[in-house]
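Chains as they are written, first to last, in the numbering used here: chain A, 1 to 245; chain B, 1 to 123.
Result set (DSBU-like, lysine-lysine): computed pairs, CA atoms no more than 35 Å apart in a straight line:
#, chain 1, residue 1, chain 2, residue 2
1, A, Lys212, B, Lys80
2, B, Lys80, A, Lys202
3, A, Lys113, A, Lys92
4, A, Lys202, A, Lys113
5, B, Lys80, A, Lys92
6, A, Lys120, A, Lys149
7, A, Lys92, A, Lys212
8, A, Lys91, A, Lys202
9, A, Lys149, A, Lys160
10, A, Lys160, A, Lys118
11, A, Lys91, B, Lys80
12, A, Lys160, A, Lys113
FYI, nobody ran anything at the bench for these hints, they're computed from the structure.
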Amino acid sequence: MHRTGELYGQFQTLEQQKESSTLGMWIFLVTEVLFFGGMFLTYTINRHDYFTAFGIGSNTLDIRLGTINTAVLIMSSLTMAMAVWSAQVGKKQLVTGFLIATLALGSVFLGIKVVEYKQKFDHHLIPGRGFDVWYLVDNAQPQTEIERKQLADEREELHKATLTDPDIQSHAQLYFSLYFAMTGLHALHMIVGAGLLIWLIKVSLRGRFTPKYNTPVEIVGLYWHFVDIVWIYLFPLLYLIDRHR
Amino acid sequence: MTGIARKWGESIAVAEHSEHIVSPVVYMGIFLALLVGTGLTVWAAFQNFGPFNIVIALGIASIKATLVVLYFMHARYSPKRTQLVIVCAIFWLAIMLSLTLADYQTRNRRLSHLVSAAAIYRT
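Using the sequences and the hints, build the whole thing.
This is the structure:
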C-alpha cells in the first residue's frame, strides 16, 4: 500500500486516519459487546432458574483473589490510559514504561487466574465426571475451632441447598461451566491484549509514537479498556451472587 | 479522489483537527473512583438487601463501566459519530437481552416438561 511516512494513501490527513481507525475499533467492540452479551444472557437465564446452585458455586470462589484481580485490572487500565497520554504529549520513554507496566499488570491478573483455576481442579469443581460439590466439605481437615465451625456451617448450607434443589450436582456444574467459559473467554482476550502490548512495546522502543502519530496505542487502549469493562461485570456476577448470610 | 469521496474526506478531516488530551489528574480521579466502586460492590454483597442485591451490584458495575467508557476510552471527547456507535452497541445489547428474557419469561420451557410432553406424544 502506498504511504507517506505514517500516512496511508487512502487518507488525507493523520487526524482523518486516526479518526477512521478509532471508529473501526469501536465497531469491532460493538461486535464484542454482543459476543459477550450472549454469554451474559445464558448466565442470566440459568442463574434465574438455578439460583441455589449458582449461589453455592459462587461461594466457593476466593473473594480475596477476585477483589485483588479487579484492582489489578483497573490499575492496568490506568497505566494504559497513561501510555496514551504520554504518546500525546510526546514523552517517548514514558510510553514504553507505561506499556510495560500494563503488560506486567495484565500478567499478574492471568497469574492469579491460574491460581484460582488450580484451586478448582484440586477441589473437584471442574464440570465432568470428577465433579463433586461435597468434595470440599467431606475432605477438609479443620485445624482450629473457628475452621471447624465454618465447615459445619458450610455442610449445613449444602444440606439446605440439596433440599431446595435435589439435582444440585448438575446445576452447580452448570454454574462452573459458565464460570470457566466466561472467565476463560475473558482470559483469552487478555492474552490477545498481552500480545498486542508486546508488539506496541517493540514499536515504542523504536520511538515511533509521537503526538502526531499514536493511533496504535490509542486503539489497543480501547481494546484493553473494553476487556476491563467485561471483568467489571464478571466480578460481581460470578463472585458475589449469594455472599450475605 | 473524485467528487463525493473527496467531499466526505474533507468534512471528516476538517471536523477532527483538534485532539482532546485528557490530563493524568482526571485519569487518577477515575482510577480512584473505580477502586472505591470495587470496594463498595464487595461491601454491598455481604449486606442483605433482598432482591436489591443484584440491582445494586449491576448498578455499581454500570457506573464503573460508564466512567471507563467516558474517560479512559475518551468517549466524552469523541466525535458524535463514535458516540452514536457506542449508543448503538448498548441499544442492540438491550434488544437482545430484553426480547430473549421476555420470551423465556412467558414460555413453559422446563426441560422435564418437554420430555414428558414428548413421552405423551409418543404414546
